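The whole structure should be built from the sequences, with the hints applied where relevant.
Protein chains in written order, with the numbering used here: chain W, 1 to 115; chain R, 1 to 114.
Don't read these hints as lab results, they were simulated from the structure.
Among the hints, a few may not be true.
[Unchecked claim] Listed below are the simulated BS3-like cross-link pairs for lysine-lysine, each with C-alpha atoms no more than 27 Å apart in a straight line: (1) W:5 / W:71; (2) R:65 / R:17; (3) W:57 / W:71; (4) W:5 / R:57; (5) W:58 / W:71; (6) W:5 / W:57; (7) R:71 / W:42; (8) R:57 / W:42; (9) W:42 / R:65; (10) W:68 / W:5; (11) W:68 / W:58; (12) R:18 / R:57; (13) R:71 / R:18; (14) R:18 / W:42; (15) R:71 / R:57.
As the structure is a computational prediction, the values presented were derived from the model and not from experiment.
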Amino acid sequence: QQQVKQSPQSLIVQKGGISIINCAYENTAFDYFPWYQQFPGKGPALLIAIRPDVSEKKEGRFTISFNKSAKQFSLHIMDSQPGDSATYFCAATGPGGTSYGKLTFGQGTILTVHP
Amino acid sequence: EAQVTQNPRYLITVTGKKLTVTCSQNMNHEYMSWYRQDPGLGLRQIYYSMNVEVTDKGDVPEGYKVSRKEKRNFPLILESPSPNQTSLYFCASRLREGYSYEQYFGPGTRLTVT
Chain W
1 QQQVKQSPQS
11 LIVQKGGISI
21 INCAYENTAF
31 DYFPWYQQFP
41 GKGPALLIAI
51 RPDVSEKKEG
61 RFTISFNKSA
71 KQFSLHIMDS
81 QPGDSATYFC
91 AATGPGGTSY
101 GKLTFGQGTI
111 LTVHP
Chain R
1 EAQVTQNPRY
11 LITVTGKKLT
21 VTCSQNMNHE
31 YMSWYRQDPG
41 LGLRQIYYSM
51 NVEVTDKGDV
61 PEGYKVSRKE
71 KRNFPLILES
81 PSPNQTSLYF
91 CASRLREGYS
101 YEQYFGPGTR
111 LTVT
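The following block contains the structure:
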């Protein structure tokens with residue numbers, strides 16, 4: 001049972017373009033939504049996160065948009081750079097459930113930014 | 001440097017041969033967990049530990065064991081590995097209080113079971 005669905009599986013963008021990755025969740029108990037960035041041979045690292053009390057959070061070129069009613073959130077990468085080429089995972093967690101603080105991950109998106 | 005370390009980074013083994021993947025963190029974190037990463041499935045939690053001597057199952061615990069005898073260490077044990085346990089494994093840690101605290105991941109262990 002995949003509680004967080006992520007799309008697309010892969011994305012190719014030209015340098016300077018906008019990359020958009022979408023996620024949808026099912027569990028309304030989730031109330032913390034982080035995005036992780038993973039480079040080849042490395043573990044995931046926190047990129048940016050949001051709580052559902054705000055609709056948008058921006059950090060530099062990275063923005064999370066959140067739609068609580070639709071149970072959807074997305075990552076926007078503005079002015080995409082070749083150094084942004086990585087695998088991106090959305091995730092969700094919350095206070096409830098049988099595994100406190102467990103991150104439920106999406107399937108991942110492989111982003112390639114061409115120079 | 002604050003970090004989570006895993007050993008070995010790469011391991012090829014045969015079906016049924018017991019193995020242990022070690023995990024250690026130097027951030028004094030109470031909460032530690034193991035995930036496996038498979039293509040198209042993202043990362044799924046195997047086991048987690050809230051503190052020393054406190055462990056519990058995650059989403060995919062079958063075929064795995066863990067122990068937490070010291071705060072800094074959280075080894076993953078495969079007593080009789082099978083080919084379906086071929087995967088990329090990550091250990092992670094964070095502060096116990098506040099589930100929204102950042103989880104720090106190790107560099108991963110790529111396991112192949114033939």
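Outcome of the hint check:
{"no.": "1", "hint": "W:5 / W:71", "in the structure": "holds (11 Å)"}
{"no.": "2", "hint": "R:65 / R:17", "in the structure": "holds (14 Å)"}
{"no.": "3", "hint": "W:57 / W:71", "in the structure": "holds (16 Å)"}
{"no.": "4", "hint": "W:5 / R:57", "in the structure": "holds (23 Å)"}
{"no.": "5", "hint": "W:58 / W:71", "in the structure": "holds (19 Å)"}
{"no.": "6", "hint": "W:5 / W:57", "in the structure": "holds (21 Å)"}
{"no.": "7", "hint": "R:71 / W:42", "in the structure": "holds (24 Å)"}
{"no.": "8", "hint": "R:57 / W:42", "in the structure": "holds (25 Å)"}
{"no.": "9", "hint": "W:42 / R:65", "in the structure": "holds (24 Å)"}
{"no.": "10", "hint": "W:68 / W:5", "in the structure": "holds (15 Å)"}
{"no.": "11", "hint": "W:68 / W:58", "in the structure": "holds (17 Å)"}
{"no.": "12", "hint": "R:18 / R:57", "in the structure": "holds (20 Å)"}
{"no.": "13", "hint": "R:71 / R:18", "in the structure": "holds (24 Å)"}
{"no.": "14", "hint": "R:18 / W:42", "in the structure": "holds (26 Å)"}
{"no.": "15", "hint": "R:71 / R:57", "in the structure": "holds (18 Å)"}
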